[in-house]
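**Student:** Below are the chains, spelled out letter by letter.
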Amino acid sequence: MADIKKHDTPMVDELKSGPWPSFVDDIYSYAEKHQKQACFDLMGQLELSYKHKETHWKHGGIVGVFGYGGGVIGRYSDQQDKFPAIWAFHTIRVNQPASKWYHSSALRKLCDMWDHRGSGMLNTHGSTGDLVLLGTVTEQLEPIFYDLTHQMNMDLGGSGSNLRTPSCCVGKARCEWSCIDTQALTYDLTMTYQDELHRPAFPYKFKFKISGCPNDCVAAIARADLSIIGTWIDDIRIDQEAVRAYVGGELKPNAGAHSDRDWGPFDIQKEVIDLCPTQCMYWDEKEKKLYINNKECNRCMHCINVMPEALRPGTDTGATILMGAKAPILEGAQLSTVIVPFMRLEPPYDNLKELIEKTWDFWMENGKNRERLGELIQRVGLNRFIVDVLGLKPIPQHVREPRSNPYVFWKEEEVEGGWQRDVAEFRKRHPA
Amino acid sequence: MENRITDIGPPHYAQFFPPVIKKNYGKWKSHEIVQPGVIKYTSETGDVVYAVRVGCARLITTDLVREVCEIADKYCDGYVRWTTRNNIEFHVTDEEKLRALLDDLKGRKFPNGSYKFPVGGTGASVTNIVHTQGWVHCHTPAIDASGVVKAVMDELFDYFGSHKLPAQVRIALACCLNMCGAVHCSDIAILGIHRKPPLVEDDRLEHVCEIPLVVAACPLGAIKPATVEIEGKKKKTVRVNVDRCMFCGNCYTMCPAMPLADGEGDGIAILVGGKISNRISPPKFSKLVIPYIPNEPPRWPTTVKWVKKILETYAQHARKYERLGEWAERIGWERFFELCEIPFTEKSIDDYRLAYDTYRTSLHFKFTSHVEPM
Numbered sequence: 001m002a003d004i005k006k007h008d009t010p011m012v013d014e015l016k017s018g019p020w021p022s023f024v025d026d027i028y029s030y031a032e033k034h035q036k037q038a039c040f041d042l043m044g045q046l047e048l049s050y051k052h053k054e055t056h057w058k059h060g061g062i063v064g065v066f067g068y069g070g071g072v073i074g075r076y077s078d079q080q081d082k083f084p085a086i087w088a089f090h091t092i093r094v095n096q097p098a099s100k101w102y103h104s105s106a107l108r109k110l111c112d113m114w115d116h117r118g119s120g121m122l123n124t125h126g127s128t129g130d131l132v133l134l135g136t137v138t139e140q141l142e143p144i145f146y147d148l149t150h151q152m153n154m155d156l157g158g159s160g161s162n163l164r165t166p167s168c169c170v171g172k173a174r175c176e177w178s179c180i181d182t183q184a185l186t187y188d189l190t191m192t193y194q195d196e197l198h199r200p201a202f203p204y205k206f207k208f209k210i211s212g213c214p215n216d217c218v219a220a221i222a223r224a225d226l227s228i229i230g231t232w233i234d235d236i237r238i239d240q241e242a243v244r245a246y247v248g249g250e251l252k253p254n255a256g257a258h259s260d261r262d263w264g265p266f267d268i269q270k271e272v273i274d275l276c277p278t279q280c281m282y283w284d285e286k287e288k289k290l291y292i293n294n295k296e297c298n299r300c301m302h303c304i305n306v307m308p309e310a311l312r313p314g315t316d317t318g319a320t321i322l323m324g325a326k327a328p329i330l331e332g333a334q335l336s337t338v339i340v341p342f343m344r345l346e347p348p349y350d351n352l353k354e355l356i357e358k359t360w361d362f363w364m365e366n367g368k369n370r371e372r373l374g375e376l377i378q379r380v381g382l383n384r385f386i387v388d389v390l391g392l393k394p395i396p397q398h399v400r401e402p403r404s405n406p407y408v409f410w411k412e413e414e415v416e417g418g419w420q421r422d423v424a425e426f427r428k429r430h431p432a
Numbered sequence: 001m002e003n004r005i006t007d008i009g010p011p012h013y014a015q016f017f018p019p020v021i022k023k024n025y026g027k028w029k030s031h032e033i034v035q036p037g038v039i040k041y042t043s044e045t046g047d048v049v050y051a052v053r054v055g056c057a058r059l060i061t062t063d064l065v066r067e068v069c070e071i072a073d074k075y076c077d078g079y080v081r082w083t084t085r086n087n088i089e090f091h092v093t094d095e096e097k098l099r100a101l102l103d104d105l106k107g108r109k110f111p112n113g114s115y116k117f118p119v120g121g122t123g124a125s126v127t128n129i130v131h132t133q134g135w136v137h138c139h140t141p142a143i144d145a146s147g148v149v150k151a152v153m154d155e156l157f158d159y160f161g162s163h164k165l166p167a168q169v170r171i172a173l174a175c176c177l178n179m180c181g182a183v184h185c186s187d188i189a190i191l192g193i194h195r196k197p198p199l200v201e202d203d204r205l206e207h208v209c210e211i212p213l214v215v216a217a218c219p220l221g222a223i224k225p226a227t228v229e230i231e232g233k234k235k236k237t238v239r240v241n242v243d244r245c246m247f248c249g250n251c252y253t254m255c256p257a258m259p260l261a262d263g264e265g266d267g268i269a270i271l272v273g274g275k276i277s278n279r280i281s282p283p284k285f286s287k288l289v290i291p292y293i294p295n296e297p298p299r300w301p302t303t304v305k306w307v308k309k310i311l312e313t314y315a316q317h318a319r320k321y322e323r324l325g326e327w328a329e330r331i332g333w334e335r336f337f338e339l340c341e342i343p344f345t346e347k348s349i350d351d352y353r354l355a356y357d358t359y360r361t362s363l364h365f366k367f368t369s370h371v372e373p374m
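Order-wise, the sequence lines are chains A and B. Mapped onto the numbering used here, the consecutive letters of the first sequence carry residue numbers 1 to 432. Mapped onto the numbering used here, the consecutive letters of the second sequence carry residue numbers 1 to 374.
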């Protein structure tokens, strides 16, 4: 092994102190124990960035494993003489198991491989959800891929203009509110669309995110081109005895989420009834009974969150399908828009897949280079996208409010007599 | 390579479920946070599981993962999970093991004293800051990520391990406007920004960039093709109308010969009031309240100061269950600026697309210290 050269990193070293876990201490401990030059060099280059207040990674670098167009992101230092151990420092996105459960036996194998073939540093996890291996060289990519697939039964995730690694909340594995089987659906979609995940054929990235309920713990509505959010279409289940236990103070509101501050005794009128956005609830003090007008409920989850022992989502469950969320670049940030208010989701999910494939066909045909689905929908108009592209019926659930301008793009066939008129006939009635 | 296999997909999730999770899949009935960082889930079958949530840096080493494995083996039959906010969760089924696990976690520290596994991040707390790569690994960032997050979380540490806030506060950091970290819907967003137009490397551009793509990349049409003469040779390049540049960096993404990183120009913007959940009010975008704070490695004191100031002002004034954005909307943004003592500048008046949606078109405003009778 080459000489270990440790760079002075006085500024970076300041991040060793303080109570929050220190990535600097972690990396230096690892570097010293394993004599890992890449770690020393990474901290050295970070110190230089702290000095210059500029990144020292070069733009781009197309690398990958054979037959895949995504999953590996090339990265090169622009200070290769100073930090030769990180001259190349590629990222490998590993497709995480749905909702990120692991067993130590699997993680240990991954660690051993990564000590041997990479920097020993990783992200748990990247923003899209992948388990990210941070820092290796081009020659190691194929061996890493081979080890991942053969020894760990793991595959690469997505990068570039392709389907990005789908991700989901903890779902039915540990949450009583999940209206859909988020993990099963994530796994099914991931397996069904392996080709789209690994071989870029899209105008730009495309993300699926799946949350089990309107609390939306994976931020599907803000981050996914196709957001699948569990919900129910029947009535909230009520355990009146448990409601009375909250009112009586035996149960802690909001599952104990406010335990370190004295907010006074629980007041069901103030904390639940009055905060309900649709005012569809009523607490009968005499009867000691909670009434919900479920027809008016918009399933915001507040009452259920406050009294989880007493209230539960209904049993006729499915998901709302929304499309088009993205961060600001280019057309400004967008949240996903409701496309299908309620879809039942049972394997093999043909109804959802039909919708996905119809959407992709249109986007691949009409999307401009680097145009996200949400931007395309803006460009063609939500009404045309819903009606002409997806063949769905327009309903009030698609909008927050109807348009306030009257500039309707009527089609010729909708107007009596069509658009072909005789100007001479017009002038006979209206001399110029 | 022989016997190469592809497209096998991720490991099936169910093989990594602890037995209690597998047995009670879809049967969970309720939950209770028994103390900050510890959630007790009860199943219809009568089974119980305690999830212990611990904070973790996003950038970690295999040795730390091995330590996680060691803890998982000792208390959890080897099972462990990560959350979407980069916390680690250990699961145990009896209280004795829970106490032993909590004691054990408290005692594990890095050599210089930071906690390896602080317990918290549940309920009305600040949970782990989701973030991007920053200077550690990205080619377009305006700021660092891991370093800023460490500095902010050190200061807010007490809010991670307690339930003192009116509701949860989700903080996120993205090191440039690409927002890989999707900070645009966070209670408090820390965002890296550039403030100088791209440099144009005339002698290199035509070799590394596709000019039509660069021109098309600018959302404001500020880039046009040009030809220049360098040492008697004609070179195809571009020119930037700098008055129209809003420093988004999209041109650099398309063209490495148009860098915009700059130690003096780059810095941090703070946005607040976004949320994801549908609870009570609809999901909202974060709003820009501080347009620029200089980059201040290694501890970013001004950024830390403002994040803390906003958080504590909110904590002092908001009602129970009220998210930061809901509070700001209830009291009015003019009052928000006054209470947080944030100077209001013209930079917080929108002048991008759909700006009109944010203009005040009613008399429903409050008189705050900003109003000077004319």
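It is worth saying that the hints were derived from the structure and are not from the lab. Computed from a predicted structure; not experimentally measured. Heads up, some of the hints might be wrong.
[Said to hold, decoys possible] Under the rule of at most 35 Å between Cα atoms (straight-line distance), these lysine-lysine pairs were calculated in the DSBU-like manner:
{"hint": "1", "chain 1": "B", "residue 1": "Lys27", "chain 2": "A", "residue 2": "Lys353"}
{"hint": "2", "chain 1": "A", "residue 1": "Lys295", "chain 2": "B", "residue 2": "Lys40"}
{"hint": "3", "chain 1": "B", "residue 1": "Lys23", "chain 2": "A", "residue 2": "Lys6"}
**Student:** Now tell me if each hint is right for this structure.
**Tutor:** Hint-by-hint comparison with the structure:
1. B/Lys27 - A/Lys353: Answer holds: B/Lys27 to A/Lys353 is near 27 Å, not above 35 Å.
2. A/Lys295 - B/Lys40: 32 Å, holds
3. B/Lys23 - A/Lys6: 50 Å, violated
Consistency with the previously given hints fails for number 3 only.
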